[in-house]
Amino acid sequence: GDSVTQKQGQVTLSEDDFLFINCTYSTTTYPTLFWYVQYPGQGPQLLLKVTTANNKGISRGFEATYDKGTTSFHLQKASVQESDSAVYFCALVDTNTDKVVFGTGTRLQVSP
Amino acid sequence: DMKVTQMPRYLIKRMGENVLLECGQDMSHETMYWYRQDPGLGLQLIYISYDVDSNSEGDIPKGYRVSRKKREHFSLILDSAKTNQTSVYFCASSLLRDKNTEVFFGKGTRLTVV
Numbered sequence: 001g002d003s004v005t006q007k008q009g010q011v012t013l014s015e016d017d018f019l020f021i022n023c024t025y026s027t028t029t030y031p032t033l034f035w036y037v038q039y040p041g042q043g044p045q046l047l048l049k050v051t052t053a054n055n056k057g058i059s060r061g062f063e064a065t066y067d068k069g070t071t072s073f074h075l076q077k078a079s080v081q082e083s084d085s086a087v088y089f090c091a092l093v094d095t096n097t098d099k100v101v102f103g104t105g106t107r108l109q110v111s112p
Numbered sequence: 001d002m003k004v005t006q007m008p009r010y011l012i013k014r015m016g017e018n019v020l021l022e023c024g025q026d027m028s029h030e031t032m033y034w035y036r037q038d039p040g041l042g043l044q045l046i047y048i049s050y051d052v053d054s055n056s057e058g059d060i061p062k063g064y065r066v067s068r069k070k071r072e073h074f075s076l077i078l079d080s081a082k083t084n085q086t087s088v089y090f091c092a093s094s095l096l097r098d099k100n101t102e103v104f105f106g107k108g109t110r111l112t113v114v
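From first to last, the protein sequence lines stand for chains A and B. Just so it is clear: in the first sequence, position 25 is 25 by my numbering, and no numbers are missing. Just so it is clear: in the second sequence, position 4 is 4 by my numbering, and no numbers are missing.
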């Protein structure tokens, strides 16, 4: 089935650092790709989504680009803040099962 | 206001007791989910429901069952809870088979089985 892979379990940065969180996907089609963010004590919530039509998503200073060549959907932010500390999940909907497939998550810790 | 509501938020149960976790959504979404999340781990799908009385096992259904008698309400039941079912449980909902829309999550129920 379709899958997404996040290789980084944890990322530790200082405020104003550049953020890069890796995500690659494996699918037989080109589904919409999602990034979800989970703040402490809360459920995941949508951060941004990208279709092949728009190719790039931008939200709250975060951006991700749908790259068919490298089958990647990395999340970036130019300058992180302490309030960005959270767990980030990339995700897609499996075209065969209609189930949402989440990556294992990347915990971002930003120190002031 | 689009919302998924979970009750209770915190629960402590003794091993062997029955547990009922309740979830409601106000978006008329056909599809609803139950996930569990353990420390350091991602989201594991327990059950998915495509509509009333149309439920399907997820990746880790053993030890759990679900009930969906109304579209807006989805329950997770643990018959005779075990200590290894201590976890945070998330309910979620989405539009049926619309692969372009997001999944909405509740705030979670932290269950401790002692």
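There could be a bad hint or two in this list.
Cut-off 30 Å, straight-line C-alpha distance, at most; resulting in silico cross-link-like pairs (DSS-like, lysine-lysine) [unchecked claim]:
no.	chain 1	residue 1	chain 2	residue 2
1	B	LYS82	A	LYS49
2	B	LYS62	B	LYS99
3	A	LYS56	A	LYS68
4	B	LYS3	A	LYS49
5	A	LYS68	A	LYS49
6	B	LYS13	A	LYS49
7	A	LYS56	A	LYS7
8	B	LYS107	A	LYS7
9	B	LYS99	A	LYS68
10	A	LYS68	A	LYS99
11	A	LYS99	A	LYS77
12	A	LYS99	B	LYS82
13	A	LYS77	B	LYS69
14	B	LYS69	A	LYS7
15	B	LYS62	B	LYS82
16	A	LYS56	B	LYS82
17	B	LYS99	A	LYS56
18	A	LYS99	A	LYS7
19	A	LYS99	B	LYS62
20	B	LYS13	B	LYS69
21	B	LYS13	A	LYS7
22	A	LYS7	B	LYS62
23	A	LYS56	B	LYS3
24	B	LYS62	B	LYS13
25	A	LYS77	B	LYS3
26	B	LYS70	A	LYS56
27	A	LYS49	B	LYS107
28	B	LYS3	B	LYS69
29	A	LYS7	A	LYS68
30	B	LYS70	B	LYS99
31	B	LYS107	B	LYS70
32	B	LYS13	B	LYS82
33	B	LYS70	A	LYS7
34	A	LYS49	A	LYS77
35	B	LYS107	A	LYS77
36	A	LYS7	A	LYS49
37	A	LYS77	B	LYS82
Think of the hints as simulated: they come from the structure by calculation, not from any bench.
**Request:** Starting from B/LYS3, check that the Cα of B/LYS69 is at most 30 Å away, please.
**Result:** holds, 19 Å
**Asked** If you draw a straight line from the CA of A/LYS7 to the CA of B/LYS62, is it 30 Å or shorter?
**Response** holds, 28 Å
**Request:** Take the C-alpha atoms of A/LYS49 and B/LYS107, compute the straight-line distance between them, and say whether it is at most 30 Å.
**Result:** Holds: A/LYS49 and B/LYS107 sit about 21 Å apart, inside 30 Å.
**Prompt:** Given the proposed pairing of B/LYS70 with B/LYS99, does the C-alpha separation stay at or below 30 Å?
**Reply:** Cα-Cα ~23 Å, so holds.
**Item:** Hint consistency between B/LYS69 and A/LYS7 [alpha-carbon to alpha-carbon, up to 30 Å]
**Value:** violated, 40 Å
**Request:** Starting from A/LYS99, check that the Cα of B/LYS62 is at most 30 Å away, please.
**Result:** Status holds; Cα separation ~18 Å.
**Request:** Please work out if B/LYS70 and A/LYS7 have their alpha carbons no farther apart than 30 Å.
**Result:** violated, 39 Å
**Message:** Check whether the Cα positions of A/LYS56 and B/LYS82 lie no farther apart than 30 Å.
**Reply:** violated, 45 Å
**Asked** Is B/LYS99 close enough to A/LYS68, meaning Cα to Cα at most 30 Å?
**Response** At roughly 18 Å apart (the allowed maximum being 30 Å), A/LYS68 and B/LYS99 satisfy the hint.
**Item:** Given hint A/LYS68 paired with A/LYS7 - CA-CA distance at most 30 Å
**Value:** With Cα atoms ~19 Å apart, A/LYS7 and A/LYS68 stay inside 30 Å; holds.
**Message:** Need the status of pair B/LYS13, B/LYS69: alpha-carbon distance at most 30 Å?
**Reply:** With a Cα-Cα distance of about 25 Å, the restraint between B/LYS13 and B/LYS69 holds, given a limit of 30 Å.
**Message:** For A/LYS7 and A/LYS49, compute the direct alpha-carbon distance and say whether it is at most 30 Å.
**Reply:** holds, 20 Å
When held up to the earlier numbered hints, the structure conflicts with 1, 6, 13, 14, 16, 21, 26, 33, 37 and fits the remainder.
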